[in-house]
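Kindly generate the complete structure, drawing on both the sequences and the hints.
Listed below, chain by chain, are the residues.
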Amino acid sequence: MLLDVRNLTTEFTTPEGARLRAVEGVSFTLGRGEALGIVGESGCGKTTAMLSLLRLLPAAGRVVAGEVLFAGDDLLRLTPAELRERRWRDLSIVFQGAMNALNPVRSVGDQIREAILAHMPWPRDKVGARVSELLELVGIPAWRAAQFPHQYSGGMRQRAMIAMALACNPQLVVADEPTTALDVMVQAQIIDLLDRLRRDLDLAMIIVTHDLGVVAEACQQVLVMYGGRVAEHGPVERVFAAPRHPYTQMLLKAFPTIEHRGAPMVGIPGSPPRLSDLPAGCRFHPRCPLAVERCRVETPEPRAVGEGHVAACHLV
Amino acid sequence: MSRSDYIIRRIGMAALTVVFAVVMNFFLFRVLPGDPAKAGIRDPRLTAAAQQSIRERFGLDKPLLINLEGNPFDSQFFRYFGNLLQGDLGISYNFNRPVADLLRERLINTVLLVGVGEVLAIIIGVALGLLAAWRRGTAIDVGVLLFGLFTWALPTFFLAIILLIIGSTFLGLPVAGIRTAGGASDPWSQIVDVGRHMMMPTLTLTIILLGEFMLIMRSSLLEVLSEDYILTAKAKGLSDWVILRDHAMRNAMLPMIALIALTLGFTVSGSILIESVFSWPGLGSAVFEAVGRRDFPMLQGAFMLFTVSVILANTAADLLYAALDPRVSV
Chain A
1 MLLDVRNLTT EFTTPEGARL RAVEGVSFTL GRGEALGIVG ESGCGKTTAM
51 LSLLRLLPAA GRVVAGEVLF AGDDLLRLTP AELRERRWRD LSIVFQGAMN
101 ALNPVRSVGD QIREAILAHM PWPRDKVGAR VSELLELVGI PAWRAAQFPH
151 QYSGGMRQRA MIAMALACNP QLVVADEPTT ALDVMVQAQI IDLLDRLRRD
201 LDLAMIIVTH DLGVVAEACQ QVLVMYGGRV AEHGPVERVF AAPRHPYTQM
251 LLKAFPTIEH RGAPMVGIPG SPPRLSDLPA GCRFHPRCPL AVERCRVETP
301 EPRAVGEGHV AACHLV
Chain B
1001 MSRSDYIIRR IGMAALTVVF AVVMNFFLFR VLPGDPAKAG IRDPRLTAAA
1051 QQSIRERFGL DKPLLINLEG NPFDSQFFRY FGNLLQGDLG ISYNFNRPVA
1101 DLLRERLINT VLLVGVGEVL AIIIGVALGL LAAWRRGTAI DVGVLLFGLF
1151 TWALPTFFLA IILLIIGSTF LGLPVAGIRT AGGASDPWSQ IVDVGRHMMM
1201 PTLTLTIILL GEFMLIMRSS LLEVLSEDYI LTAKAKGLSD WVILRDHAMR
1251 NAMLPMIALI ALTLGFTVSG SILIESVFSW PGLGSAVFEA VGRRDFPMLQ
1301 GAFMLFTVSV ILANTAADLL YAALDPRVSV
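Going line by line, the protein sequences match chains A and B.
Each residue of the first sequence is one higher than the one before, starting from 1 at the first, in this note's numbering.
Each residue of the second sequence is one higher than the one before, starting from 1001 at the first, in this note's numbering.
Just so you know, these hints were derived from the structure itself, not from any lab.
Incorrect hints may appear among the rest.
Straight-line alpha carbon distances no greater than 25 Å define the calculated SDA-like cross-link-like pairs of lysine to any residue that follow [stated by the list, open to error]:
#  : chain 1 : residue 1 : chain 2 : residue 2
1  : B       : 1234      : A       : 274
2  : B       : 1234      : A       : 105
3  : B       : 1234      : A       : 11
4  : B       : 1234      : A       : 80
5  : B       : 1234      : A       : 152
6  : A       : 253       : A       : 210
7  : A       : 126       : B       : 1242
8  : B       : 1234      : A       : 128
9  : B       : 1234      : A       : 86
10 : A       : 253       : A       : 197
11 : A       : 253       : A       : 316
12 : B       : 1234      : A       : 89
13 : B       : 1234      : A       : 122
14 : B       : 1234      : A       : 150
15 : B       : 1234      : A       : 62
16 : B       : 1062      : B       : 1234
17 : A       : 126       : A       : 107
18 : B       : 1234      : A       : 171
19 : A       : 253       : A       : 274
20 : B       : 1234      : A       : 168
21 : B       : 1062      : B       : 1095
22 : B       : 1234      : A       : 90
23 : A       : 126       : B       : 1237
24 : B       : 1234      : A       : 71
25 : B       : 1234      : A       : 65
In structure tokens:
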């Protein structure tokens, strides 16, 4: 077991002093060479959960409970110096590359070099060779290392970001919406690349995405989040073939598939709850067509519904 | 477009602007009311013949633009232009000495005052702005913010007078000028003497400039610190200091460079108020006197110097900007 996240709970403090629970009781485990997809609508706490386990939350956010065991050590209890040392070496993150994840005034090669030198005191030529190797690994010609992010296309920026994430041979890569804002062809290339790297380098990977197709293609496990909590979690084939939570069922129906061509796409009416105004009981009950009285008062805990498959719903 | 194209184009534009300013400068003083021949000597008994000889001496009897009788280039405009190319800015009506020499003497004093004030304001302003942004929301931040807003809103002449009073009454500093008349002659005491004279004018300029630098630096850095690449840098395991130095500062300095260049261009002329209050013998007070005495050649020369310094500062900022930000010029 490479990563064991237990009961991760994160709160934000508003300027007025109110405490909002953005992530509550999230648990999962991940082995080497395995990919986990985290899905859910915007505002369901997917990114916050990832930033929590990497300890990259903004100042207003704080992990209030839980453990993040990485190769046996709790990342949440490391000192800042220990944490700095392990970042990028053990686990790295790929942000949405179309945004400003690369510094616009420094060359791409320079930024990869910086990541290497922060952790390994290598001589100049060795670092240079490594930068070229990394760029070529993701399909970027090595001479483009001297170029700046604005001279790259969106897809190339994303691949450069991936190359940078691999710089120090991490065991886990977290990709936060790696395909958002890219066109469909490029999305497919990025997903293929991530999948290939996972196999070749035996990487563990967490992919946060809105795109269920990405999960189907590149992940072994899927974790569905709603309102900051885990709605359903399990092996991709099982969850996609037999979703147990009403939210997962509706999410899958809202997504077009080639196999069910002609079947109507059904959206989920309403929107996810605001953190400042979470409903009592099951957080999904205001939008759930199957909701009964119990759902309005009692919060469902995740329970096993199959091998490695859990769902948090009173009706299962 | 390549970078060298950009540099050449910027310098070309600057040269063109200077030529335009020189032409404008000529006409500006020709449309001003008042007869310079009478203004130079304020004596109602001045005879017509004497006025005529003054006009001839300063070339004011020539046609303005083109001489239609005789050599077409024998006009005020072309003589001005030709002299300018030789570095001749004319003779001051008031001092009866070459304007170029007068300006040179005054420029040194102004550059001394503005240079020290500007450098101090940049260092303190950037440092305090940085500190405020880094400690956002703390008492330090609030203090810097209030101080910045207060000094930014403060009128220059008001602060100058207050500091003049404080300096002379409580600190025993000299009230006016740059040197003590009849002071010691060895170089060291002269430096100390100039330093004592400089203290309050420099402090005034520093405080006046400081507020804006602090506030712009603070907001610029806050904006940069919220960018995604700062989070990337943090995730890479870089220390706070390295992130600040290598990722935040350089990006945050970009708007600062434009601001510094802008104020640098204007402080050469903008220290008029400070120089007047402290009787500092710089360009500003020279302009102030020249306006009072209708000393047109002096004003013309000073205006040209101001224009050229603003253009130079802006061009320097553009080039520096291009060197720091690879996105420029593509």
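Discussion item. Name the hints, by number, that the structure is in violation of.
Written reply: 1, 10 and 16
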